[in-house]
Amino acid sequence: MDYEGAVRIRDMKRIAVENGFDEFKSMWEGPTDKTDVKAAVIGAGPAGLSAAYFLARAGFDTSVFEREESAGGVVRHVIPGFRLPVEAIESDVEFIKAHGVQFNFGVETEKMTVEALRNAGYSYIFYAIGSEVDNDIPLVGDRSRVRPSLSFLASFRKDPSTLSLGKNVVVVGGGNTAMDSARAALRIPGVEKVSIIYRRTENEMPADHEEYGLAKKENIDFLFLSNPERFDGNVLTVRKMALGEKDASGRRRPVATEETFTIEADTMITAIGEHADTEKLTWYGVPVNEKGWPISNEETKESKMENVYVIGDAQSGPSTVVRCIASARSAVEAAIDKILGPIEDEEEGCGCGHDHDEEHECTCEDGCDCDEDDDEEMTDEERVELEADENAFFADVAEKKRMILSSKNFGDKEFAATEAARCLECSYLCNKCVDVCPNRANVAIDVRNTGIFADPFQILHLDAYCNECGNCETFCPYDGGPYRKKFTLFSLKEDFENSENSGFFAEGEDILVRLDGKIYACSMDGDGILTGDEEGITDEVAALIEEVYTSYSYLLGYVEA
1 MDYEGAVRIR DMKRIAVENG FDEFKSMWEG PTDKTDVKAA VIGAGPAGLS
51 AAYFLARAGF DTSVFEREES AGGVVRHVIP GFRLPVEAIE SDVEFIKAHG
101 VQFNFGVETE KMTVEALRNA GYSYIFYAIG SEVDNDIPLV GDRSRVRPSL
151 SFLASFRKDP STLSLGKNVV VVGGGNTAMD SARAALRIPG VEKVSIIYRR
201 TENEMPADHE EYGLAKKENI DFLFLSNPER FDGNVLTVRK MALGEKDASG
251 RRRPVATEET FTIEADTMIT AIGEHADTEK LTWYGVPVNE KGWPISNEET
301 KESKMENVYV IGDAQSGPST VVRCIASARS AVEAAIDKIL GPIEDEEEGC
351 GCGHDHDEEH ECTCEDGCDC DEDDDEEMTD EERVELEADE NAFFADVAEK
401 KRMILSSKNF GDKEFAATEA ARCLECSYLC NKCVDVCPNR ANVAIDVRNT
451 GIFADPFQIL HLDAYCNECG NCETFCPYDG GPYRKKFTLF SLKEDFENSE
501 NSGFFAEGED ILVRLDGKIY ACSMDGDGIL TGDEEGITDE VAALIEEVYT
551 SYSYLLGYVE A
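All residue numbers for the sequence shown refer to the numbering used here, where the first residue is 1 and numbers rise by one.
Please keep in mind that the hints were generated in silico from the structure rather than gathered at the bench. It is possible that part of the hints are untrue.
Simulated restraints on C-beta separations [claimed, not checked]: (1) Pro189 - Arg484: 25 to 33 angstroms; (2) Glu68 - Pro160: 16 to 24 angstroms; (3) Gly244 - Leu492: 33 to 41 angstroms; (4) Gly451 - Glu202: 46 to 54 angstroms; (5) Pro160 - Lys34: 43 to 51 angstroms; (6) Gly341 - Glu279: 35 to 43 angstroms.
Yeah, the Cβ is synthetic: ideal placement off N, Cα and C, and Gly gets one too.
Input sequences plus hints: build the corresponding full structure.
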């Protein structure tokens, strides 16, 4: 698990789409529920297209306004074609059009103000204009051969033959845009060497590991702990950097040293981040803060103006396609809630179609048997059979964790089958923190009999056995820190008081519980039920403590150091 790499989920999804999307479309039926509510989406990038799709699927009369002559945004007009084929974008756009979305291309989007759109009858407005303004770089000397990454990549995507960069190209930055710019520059005729300058180290670089690996594979040079200062002629003066204290991003801050060096450079491409177009947002009528970002609700993406949403990179800053899709979905769901009300959880009703009270009990009149318990008591034979099936699945999952499989050099069909077999079913049983702890400070508590948890096991951290070595955090596939985040059993009251972990300390039948920083005084009654100051304690926490008392009592009590 730790050395052969994660399951390649993105490749699995690609294979599924490439091999199953046409069949899905042949069976797909367009949205039938229509409303007379008009929605306008400004921008046809990933966020805008996603918003249009979700809106149309919900029945909105949706129109998209885009300044370019085709949809796709940065994915189509900026990101190099070797990263994403245009056919994939066109397929998605055609599917969105099939939902009834109206696309308007070549539009002067500057005219798409809130006032103008409302006057045109649009009740809901979604601005998805991206973050297309490059951050400036402080540089002394000749700036005539300094190119912002987005304009360079747009020119490369449109017609690489129009570009002339010279022999030596330097790209400044450490994100995915820097990797794209460097790989694109290497494909320009006449370019012999491309170097990436980054002011921190490889460990702090924000680029995806995969993108970094592809750049190295193409023999692009990397100069870490370096920052350009002066560009004269064909000579770039670079300042050596060192790492200082951590900044707000959690990365160590780059600090200038007294040392400099020079390298040859004909062109510099800056890829040090982008930000939203503050002037454009203000012109539209969207309120912005002192830093130029739209003032909006983090969850719903709604701006200070009612029914006006800012989504995608325009709201969050440069991110990923997936995050833009998620942003659009959150905003559209918020708009749907305003019109149709929150979508009720299907499990909160009995399905009879009648109203239900706050306890989800049916309020219908006599004659409806929906409140009757449909779950008949299981026979002993059925219970044994169910337990056997569950234990067999448990054994299969445990066996997987001992296997190493490779899916290299396979075709799509074989690759997909092998990758699926590599999945360790962590959603059912992980226990990695249990396996890697040298002190056995993490214990898997079987909670299947509680009827409370979706997962069959819950991890209990034993404070007395932990020396905070960090193994569990290093190997956690969820990128968590179990020794800090898992519910903790304390052996000493002093340790309980000095810790911030959520957990409990037991002394006989008396129990102190800390949950989200608040301490509750409880006790365990003779039937193994947590009582006392239990208000505020979740059912899950109570069930876990009760299970420890009932089935794992040997964990309780003082532990000698």
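Here is what the structure says about each hint:
At roughly 54 angstroms, the beta-carbon separation of Pro189 and Arg484 lies outside the given 25 to 33 angstroms, and the hint is violated. Restraint check, Glu68 to Pro160: a C-beta distance of roughly 18 angstroms satisfies the suggested window 16 to 24 angstroms. Range check, Gly244 to Leu492: about 38 angstroms between beta-carbon atoms, so the 33 to 41 angstroms window is met. Between Gly451 and Glu202 the Cβ separation comes to about 48 angstroms, which falls inside the hinted range of 46 to 54 angstroms.
Roughly 45 angstroms separates the CB atoms of Pro160 and Lys34, a value that falls within the hinted 43 to 51 angstroms. Checked against the hint of 35 to 43 angstroms, the C-beta distance between Gly341 and Glu279 comes to roughly 38 angstroms, which is consistent with it.
Consistency with the previously given hints fails for number 1 only.
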